[in-house]
Each structure stands twice: as structure tokens, then as C-alpha cells.
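Could you put together the complete structure from these sequences and hints?
2 protein chains.
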Amino acid sequence: MKEYVIGIDIGGTFTKTGFVDRNGEIHLENSSPTDPYETVEEYIENLVSILKKAEKKLEKPYQIVGIGIGAPNGNYHKGTIELASNLKWKGIVPFTDLMKEYYELPIILTNDANAAALGEKVYGGAKNINNYVMITLGTGLGSGIVVNGNLVYGHDGFAGELGHVNVEENGRLCGCGNHGCLETYVSAPGIKRTLFELMSNDTMGSDLVNYTYEEMDAEVIYEAAKNGDPLALSSFEHTAKILGRVLADTIVTLSPKAFFFFGGLSKSGDLLLKPTKKWMEHYSMPLFKNKVELLPSELKNRNAAVLGASALIWNEIDTLK
Amino acid sequence: MKEYVIGIDIGGTFTKTGFVDRNGEIHLENSSPTDPYETVEEYIENLVSILKKAEKKLEKPYQIVGIGIGAPNGNYHKGTIELASNLKWKGIVPFTDLMKEYYELPIILTNDANAAALGEKVYGGAKNINNYVMITLGTGLGSGIVVNGNLVYGHDGFAGELGHVNVEENGRLCGCGNHGCLETYVSAPGIKRTLFELMSNDTMGSDLVNYTYEEMDAEVIYEAAKNGDPLALSSFEHTAKILGRVLADTIVTLSPKAFFFFGGLSKSGDLLLKPTKKWMEHYSMPLFKNKVELLPSELKNRNAAVLGASALIWNEIDTLK
Numbered sequence: 001m002k003e004y005v006i007g008i009d010i011g012g013t014f015t016k017t018g019f020v021d022r023n024g025e026i027h028l029e030n031s032s033p034t035d036p037y038e039t040v041e042e043y044i045e046n047l048v049s050i051l052k053k054a055e056k057k058l059e060k061p062y063q064i065v066g067i068g069i070g071a072p073n074g075n076y077h078k079g080t081i082e083l084a085s086n087l088k089w090k091g092i093v094p095f096t097d098l099m100k101e102y103y104e105l106p107i108i109l110t111n112d113a114n115a116a117a118l119g120e121k122v123y124g125g126a127k128n129i130n131n132y133v134m135i136t137l138g139t140g141l142g143s144g145i146v147v148n149g150n151l152v153y154g155h156d157g158f159a160g161e162l163g164h165v166n167v168e169e170n171g172r173l174c175g176c177g178n179h180g181c182l183e184t185y186v187s188a189p190g191i192k193r194t195l196f197e198l199m200s201n202d203t204m205g206s207d208l209v210n211y212t213y214e215e216m217d218a219e220v221i222y223e224a225a226k227n228g229d230p231l232a233l234s235s236f237e238h239t240a241k242i243l244g245r246v247l248a249d250t251i252v253t254l255s256p257k258a259f260f261f262f263g264g265l266s267k268s269g270d271l272l273l274k275p276t277k278k279w280m281e282h283y284s285m286p287l288f289k290n291k292v293e294l295l296p297s298e299l300k301n302r303n304a305a306v307l308g309a310s311a312l313i314w315n316e317i318d319t320l321k
Numbered sequence: 001m002k003e004y005v006i007g008i009d010i011g012g013t014f015t016k017t018g019f020v021d022r023n024g025e026i027h028l029e030n031s032s033p034t035d036p037y038e039t040v041e042e043y044i045e046n047l048v049s050i051l052k053k054a055e056k057k058l059e060k061p062y063q064i065v066g067i068g069i070g071a072p073n074g075n076y077h078k079g080t081i082e083l084a085s086n087l088k089w090k091g092i093v094p095f096t097d098l099m100k101e102y103y104e105l106p107i108i109l110t111n112d113a114n115a116a117a118l119g120e121k122v123y124g125g126a127k128n129i130n131n132y133v134m135i136t137l138g139t140g141l142g143s144g145i146v147v148n149g150n151l152v153y154g155h156d157g158f159a160g161e162l163g164h165v166n167v168e169e170n171g172r173l174c175g176c177g178n179h180g181c182l183e184t185y186v187s188a189p190g191i192k193r194t195l196f197e198l199m200s201n202d203t204m205g206s207d208l209v210n211y212t213y214e215e216m217d218a219e220v221i222y223e224a225a226k227n228g229d230p231l232a233l234s235s236f237e238h239t240a241k242i243l244g245r246v247l248a249d250t251i252v253t254l255s256p257k258a259f260f261f262f263g264g265l266s267k268s269g270d271l272l273l274k275p276t277k278k279w280m281e282h283y284s285m286p287l288f289k290n291k292v293e294l295l296p297s298e299l300k301n302r303n304a305a306v307l308g309a310s311a312l313i314w315n316e317i318d319t320l321k
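Keeping their order, the protein sequence lines are chains F and D.
Quick note on numbering: this note's numbering labels position 270 of the first sequence as 270, and the sequence is numbered without any gaps.
Quick note on numbering: this note's numbering labels position 63 of the second sequence as 63, and the sequence is numbered without any gaps.
No lab work stands behind these hints, which were simulated from the structure alone.
Accuracy of the hints is not assured; some may be wrong.
To be verified - Taking lysine-lysine and the DSS-like style, the derived pairs with C-alpha atoms no more than 25 Å apart in a straight line are: (1) D:K78 x F:K90; (2) F:K289 x D:K78; (3) D:K289 x D:K274; (4) F:K278 x F:K289; (5) F:K267 x F:K291; (6) D:K241 x F:K241; (7) D:K226 x D:K257; (8) F:K226 x F:K274; (9) D:K291 x F:K78; (10) D:K88 x F:K289; (11) D:K274 x F:K291; (12) F:K289 x D:K90; (13) F:K2 x F:K278; (14) D:K289 x F:K78; (15) D:K78 x F:K127; (16) D:K53 x F:K257; (17) F:K100 x F:K56; (18) F:K57 x F:K90; (19) D:K90 x F:K291; (20) D:K289 x F:K88; (21) D:K257 x F:K78; (22) D:K226 x D:K274; (23) D:K289 x F:K90; (24) F:K257 x F:K274; (25) F:K267 x F:K127; (26) F:K78 x D:K127.
In C-alpha cells form, the structure reads like this:
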């Protein structure tokens, strides 16, 4: 009988779902808005109706073996979503408990970057790597840490928030309420903030002076950098220097074999990863120099979040065997 | 039959050994100089002759079940000591292989801070804690990281070098060759360097102006701080601020339940830990505030390194059961 895991990726704007089989094929993919629902109960009611409707289209016989969920500030231990600043539901939401009113299945929830890290292990480039860190670069910087083949959840279930390492005393205001967090510098909005900071000092003859702050985004900076725009290139260099230093600190802490990069900004490829590697080696303790690889994720971008969420269940099944 | 593990703690100056039983009692403790031996082979020959002589005094019948070794830059995976800057033996020393010429026993080697971390789990305050970090404060800053009840060795066996996190761009020269490493600020020599840096700006009416750099040490600063000396207190405050920030970064990475502190400088107790806690909370991401404890090690200082080394074997035996 064919087995599927329901993978759910809850983002601030869209929720993506799919029925993922053993080989990482996603069936009946769906994307629906996350934010029209005032309460989490209404949201879940709608989500379940979408899933039940889709499930009818699966070829019989089949079995759903579990539900994996990636969500911002997802707490693996408790199945809760806690203090997520880009979701409407405030406080501590008992998400898996609410889902269990509809499904009698194993349900596992964690944050989206942890899910992506596990996706890399089950379906991507980390199949044979037991110690690595996944970095997701989008509107924020997420991370999922794998040690001895297992995700690190930590004491309270929230480990792997490298985006909130402090990189600058009294630095930029972060969504978490602190100042100077890594993700205020290294993320799509972060590189834009860096560009405007650099521009305020020296425009370097860049054409980017013709964009408003509102019009500017990481894509524009990427295209300009590809065409040799000095201000755009300098923005990548500054971003890479800060990221490289944090990677060097992560290396002395965890000694991973590799960092994987996933998400919007990481599509900049060598424009970001080459200078990041240079600065990482610059800051690295001699014992660790030239040992750690920076690799693009092998998950296809389109579906990686849903794949990663489903990997939460497949990995658990593998571990129990 | 009574079982013992031989615990060996290799320091830059002294090597300490003992026969540790199941309850953490150390029998036939010994301390001998590490540095008179030009080659590691001579050193081991002497070490083994000390151990064999001592073993004769053990009450029969008994069994030696293994040898645990804590050493600077000890590589758990390979049993080697690599590029240790405070030992005479240069390059990569195949230490456990050399020991195996004398003993047909399980021999496990790791760095001293990892050994101390495991000692805390087997004999100290971490018996019921599965996620924590041990910080050893002496002439350097060592750390041992425990995740899900297991030490983190990382891909190459050297994980847990928090002393070499970069805390200051172009900062103080470190023994590792880099600049700005945490241990150049937070360690016994580190607080002394901070004191002289602060003194060069403002002596604050401190009596410590009467000490040469050569005469000054962490003990003197501690005693002065206890008596309210403003320069000494300021040195602790500066040290605590830097340490607190790195602990906050470690929390977002690993989400430990506690940090344990061990070693010379940690004897300063609340003088160091109270301001460190304050700064750690200051820098912590809101999600993690007021969740993580700072605790003094419950290992007795006298013998903790040997205890920790023996715990490497006892823990392995427990895990295999």
C-alpha cells in the first residue's frame, strides 16, 4: 500500500501543503493564504477541509502515516507555535493538539528551518553527513542544526535560532525586539538595509540611487551586482563578512562538516557564498581552517518547505526501525 | 570484583592521574610534571611506570575497565592530540595508539573541557540535565557541549571551542594565532589584561596601581574586588559583559538548560556570575529570556579533571548497557 505523509509549511502569508511519498514526490500540492483567519481554530478548520478534499483524489489503496508541520517559532517538544511575530495568532498556540481533533495520526511540528534541515538529510545533499547546519535566507535568517544525525531542539525545543546571534552592539532593530541580530544584516531585507547604509556614505556612482527604499529589494541588488555595480557588490561583501564571522563562531562551537544554504537570498549563489567563504576562513580558528564546506541546498526551492515538513515524519519512522 | 577506570588529565605543566571507582572515589592520586620530556614516547614511558607502580597498591581482586584521558586539543575520533600550543609535542600526536602499546584496554581521549562536562553528568550537578554547556575558566576558556545527553564532538572531533569565538574585530592576540578570541578576555589572564586596559584609561583611585604586570593575577583582582576596589569591580563587569553576550549567542544556537562553570576564575563565584547573568539576559532573544541557569560545577575542584577523564569510560559503559 502506498504511504504518504502530509507536509504543511505555515508561512506568514501562505500555507503550503502536499502529500509526500517515500521518494519525495509531492502529490496534490496546494497553496492558500494564511492570514484571512482571525483565530487559529478557523484557520485549522479551513486547512483541514482543503486537505480532506485533496485526499479524496489520492489513488487507492493508500495510507497516511503522519503529518509534519514547519512553522515559525514551532516548539518541537510541545507542538506549539509561540510568540510568532509574523502570524496573527498571539501567545502560545497548541497547534498539534488542535490538529489532533481532526486526525488520529503522529503529528510533528518544528520551525521551518529545522524542517528544511531534515529535508536536506532525507531528500537532499546531507544524506551522508551527520554534522551540518542548514541556513535559510529569506525575509529572516533561520537555521537548523544537525549533530550526530539528529536535529538539535535543545532544552525548550527552540534551538537553532542563529538569526538572533548578536553581531553588533546597539545594532539594527530586529523583529524579535532586540538590536543587532544577525538576520537584520544577513537576509533579503538586511542586504537592502546595508545598501542604503553604504549609499548614505558613498554612492560610488551607482545607478541604484534611482530606487526608492520601497522599490528596492534583494533581487534588484543581485541583478546590479551581477552587472558589476560597485555599491551592490559592496553590499554583498559587507553581508558576507558578517555572515562569515558567525559561521566561524559556529564552527568552533559545533565543528560541522558543511553549511547548506536555502531560500531567496541564497539564490545569489557565488555572489554571496564566495565572499562568505573567504571571511569564514579569515575568522576561523587555525584548527578548523579549510575544513568546512559551504553548499547550496539540493532541495528544489519550489517544494522544499513541504518536503522538509514531511521529512519530520519519515525521519522518525526511519529512526524507530 | 571492584572495577576502576584510570583517569588521566594532561595539563601544560602537570599530569594528574588516579584510579576512579564507580562512585567517583579517586584512589592513588598522583601529580607529575608534564614538561621534562622532550618526546611524547619518553613522557608515556614515565607515565606508564607511575601507573603500573601505583596499580600494585590496589586491593585485590580488581579490574581496570578502561583509560580516560583529557588533553588540550584532544581529538575524540582519532585519539590524537593536535597542534596543542601549551604542550612540547608538536604536530599531531597519536596518543591513544602509543598508550595501546602498554595497555589492552578501551582508551578514550578528548579535550579537558569535554571530559569535565561528562564528569558533571556522571558525578556532578548535570545528572538529570540532557542539554547543557560546561565552561572551564582557567588560563584559557574551554567548553564541553552536551546535546540530548551526549557530548558534541562534531565532524572532526574538536567541537566545543567556545574560547575561540570572535568577540572583538582585530582584538587581543590569542594563543591560537587569531585576534579577538573570547578567551583573551574571559580567563584568568584575560581579566588581568582587561584590568590593565581599564587602568590605562582611568585608575579610579585603585590600589592596584602598585602591582607590576608580572605580579598581577586573577587572585589579586578577586581579592581587591571583594574589598570594593572600583578598578577590580569594573574589570569583572567588563569580563561579564563579554561572557554574557557569548552565552546569549550560545543560547539561541543550542537552547541549553544550564551553563556550568568550573576552574580557577569561576571560584570568584557571584562576583563573576551575577553580572554575567545580568548581561546574558540583556542580550538574550526574548524567546529565551529567564530560562537558562548559570551554575557552579558540583565537581570538587581538586580532582575534577581526573574524574571527568574517567567519566569518558564510565559513560561509554553506561551507554552500551
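Are K78 (chain D) and K127 (chain F) close enough, with their CA atoms no more than 25 Å apart? With a Cα-Cα distance of about 23 Å, the restraint between K78 (chain D) and K127 (chain F) holds, given a limit of 25 Å.
Decide if the proposed pair is consistent with the structure: K257 (chain F) and K274 (chain F), CA atoms, cutoff 25 Å inclusive. Roughly 17 Å between the alpha carbons, so the hint for K257 (chain F) and K274 (chain F) holds.
Does K267 (chain F) pair with K291 (chain F) here, judged by a C-alpha cut-off of 25 Å? Judged against 25 Å, a Cα distance of about 24 Å means the pair holds.
Starting from K226 (chain D), check that the Cα of K274 (chain D) is at most 25 Å away, please. Roughly 14 Å separates the two Cα atoms, so the pair holds.
For the pair supplied as a hint, K241 (chain D) and K241 (chain F), confirm whether the alpha-carbon distance does not exceed 25 Å. holds (24 Å)
Between K267 (chain F) and K127 (chain F), does the CA-CA distance stay at or below 25 Å? holds (22 Å)
25 Å Cα cutoff - pair K289 (chain D), K88 (chain F): With a Cα-Cα distance of about 22 Å, the restraint between K289 (chain D) and K88 (chain F) holds, given a limit of 25 Å.
CA of K289 (chain D) to CA of K274 (chain D), is that 25 Å or under? holds (15 Å)
Satisfaction of hint between K90 (chain F) and K57 (chain F), Cα-Cα up to 25 Å: violated (35 Å)
Regarding the pair K53 (chain D) and K257 (chain F), is the alpha-carbon distance no greater than 25 Å? violated (43 Å)
Within a Cα-Cα threshold of 25 Å, do K100 (chain F) and K56 (chain F) meet the stated pairing? holds (20 Å)
25 Å limit on alpha-carbon distance, applied to hinted pair K226 (chain D) and K257 (chain D): violated (30 Å)
When held up to the earlier numbered hints, the structure conflicts with 1, 7, 11, 13, 16 and 18 and fits the remainder.
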